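Asks: Spelled out from the first residue to the last, the chains are:
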Amino acid sequence: MRQDDLGAVILKKTDLASWVRGLLGSYRVVAPVREGDAPLRYRPLAVAEAMVLDGRRPLRAPKEHFIPQVEPLLAFRGSGKALTVQPAATGESGTVILGVRPCDARALGRLDDVFLGRKDTDTLYEGRRKATRLVGLACATPSWGCFCTSVGGSPAGTEGLDLLLTDLGDRYHVSLLSDAGRALMADTACEPSTESDAAAAQAQHAAAIDRMRVLFEAEAIGEKVEWDAPVWMRHARRCLACGACSFLCPTCHCFDIQDEVTADGGLRFRCWDTCQFGEFTRMAAGHNPRPSQVERLRQRVSHKFKYLVEEFGRMGCTGCGRCVEACPVNIDIRSVLTEIEGGER
Amino acid sequence: MNKVETAIRETAARLLGEGRVALVLGYEAGSVPFRTVPAFVERAADAERLVWGPFCTNNLAVYLPKLRGAGRVAIVAKGCDARSTVGLIQEHQIPREQVVIVGVHCSGMVDVDRLLPDGSLAGVAIAAEADGRLTVESGDGRRTVAVGDLLQARCRVCEYNTPPVADEIVGDAVPPMPEAAGAFAVVADLARLSAAERQAFWRAQVERCLRCYACREACPACYCRTCFVDKAAPRWLSKASTTDDNWMFHAVRAFHLAGRCVECGECERVCPMDIPVSKLNRMLDREIRERFGYVAGLDPEAVPPLGTFRPEDQDPGGHGG
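Protein chains in written order, with the working numbering: chain A, 3 to 347; chain B, 835 to 1155.
The set of hints was computed from the structure by calculation and includes no laboratory data.
Since the structure is predicted, the reported quantities are computational estimates derived from the model, not experimental observations.
Check each hint, because a few of them may be wrong.
If we take Cβ atoms under 7 angstroms as the criterion, some of the chain A residues that face chain B in the derived model are [stated by the list, open to error]:
(1) S81
(2) L250
(3) C256
(4) T264
(5) A328
Label pairs and their computed distance ranges (CB to CB) [what the hints assert, rightly or not]:
(6) E225(A) x K837(B): 44 to 50 angstroms
(7) A19(A) x R902(B): 30 to 36 angstroms
(8) I259(A) x E925(B): 32 to 38 angstroms
(9) H289(A) x D947(B): 40 to 46 angstroms
(10) E94(A) x D965(B): 56 to 62 angstroms
(11) A185(A) x A1025(B): 51 to 57 angstroms
(12) I259(A) x D965(B): 53 to 59 angstroms
(13) E844(B) x A205(A): 48 to 54 angstroms
(14) L55(A) x D947(B): 16 to 22 angstroms
(15) V1137(B) x R215(A): 27 to 33 angstroms
(16) G80(A) x E925(B): 28 to 34 angstroms
(17) R902(B) x H289(A): 47 to 53 angstroms
(18) V54(A) x R977(B): 56 to 62 angstroms
(19) A959(B) x R316(A): 47 to 53 angstroms
Just so you know, even glycine gets a beta-carbon here, dropped at the ideal spot from N, CA and C.
Working from the sequences, and respecting the hints, build out all of it.
Replies: Okay, here's the thing in structure tokens:
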């Protein structure tokens, strides 16, 4: 395993700020930040001290730094033969995202499937992905909606990460997971990780995994997803049709494209959209092929656990649990999947 | 099982059994011990699914407009749910004779974030004791907490924890909520600010709005068949979630709820970004009470101030003021 090849180092917490300051000299650094009384959110870091690495996983995944909620695609001016089109600028500066949870890092692989894994690649997404290094933070205390271990992940998973930090009290155990990750640690005061450090990190990982129960065999669920099943109606009846689940989801990626025209030009942008909104599938003439929440809830679950598996061989869920915790009416995807797996239809 | 829960089940079974209602809206166990979910009970035998306790947080009135045509519906209603139901009756969203309000005396609902602030509720078990306490058992041990210490902010200042309108009422009377007299204290700081300062405050809050519309969808008074933000032709509001557009959404929604909002606080509870949405409504409610002497959701026969015109009304925002 690469983790063993590249080894690990120890970063004392007293050296954390100076390490981040070093990164700030060479990169744009994004990290969990608390602004006023607002919840933790991944934001560009101005000073190293603003970073908050402990506490719950941020409410919003770092997804927004790869597919922003609103993203200009092109601007246009004039009309007719005098029309000029200015495509959105590409060319991202080197970015490091700190404190990425393993579920969210893994989710970026699922976004790669969609934006890079088909015939045409999404150049805006690709530019940001290539320019960004990910520094993970192992979850010591899974939150109540978390279910990463039920979808093949782990609170200490390393997929997609360049480094993984494990909080050992007064220091971080830093697993070096890629050459790029090793480079991030090159100029800072690190100590080698001893056998007892490695054992302490592993014990913490094991304890976090222990706290989570594997609820279902997610790989097999896609085959059990049925078009006409009472499970959809049962849960959709109380669904309020908001977009909280989709917009917090680290793998939901559907977007709308809009042109906004002013007197002498305009802007084409894309913005997050969700299959949970009625407007999402409403046709210009008024017909809506998904007329109720039954069809919309079926779409969201089927897309993640059936259609993406059929197309890319892996599902569009990494068990971060945000949808579970945010749903106003406690539609718990874990229950939906358990019922599907149990053939409860 | 608590006394109120037993009474709710008996009432539901009776109403369904006698054919007086086609459906009972209530609460049933959720996926975790600290959540319940809205229940749609259609057979007397299923009434035993219904539960009652300090986690029955949803305002069930939100489903009433969607259940038009489902026959007569009984709704298990806390004070806030009952007031929302009154609003829907006033506004002809559900005929009075189509709804049976089963009122429940309420002592407030638990704020899950206060129950375990770090969110580490995995595997937790919760038992409600008769004396208003909860026993919380998790991997970290067992502790007993008082529901009164964990209440949601909106419940602490609730003025109508006894449903003001009900067809039947279950359970014993409960004392008023301790901070009910200070219902508007939560916006006192905001009210002291200048208009420009308030604008700055709200812009800073709505900057993080996701436009997921959970606030709107959870609101019983937000029942427009097509919300202005969803109109595509013409598009009144950009789909780009800029601070300007977010603020436009929240401001227009707040105005639309003036004199109609019953401060159930669902908008704020469901906001995944922790935006204090309900303070906007409370600010406007403060105005409505001062200028029109009107409290929403108390009388199905009353006409809400913005639903009528009286020559003697004050006109502070118009040419006369």
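Asks: Provide an ascending list of the numbers of those earlier hints which the structure does not satisfy.
Replies: Hints 1, 3, 4, 7, 15, 16, 17, 18, 19 contradicted; others consistent.
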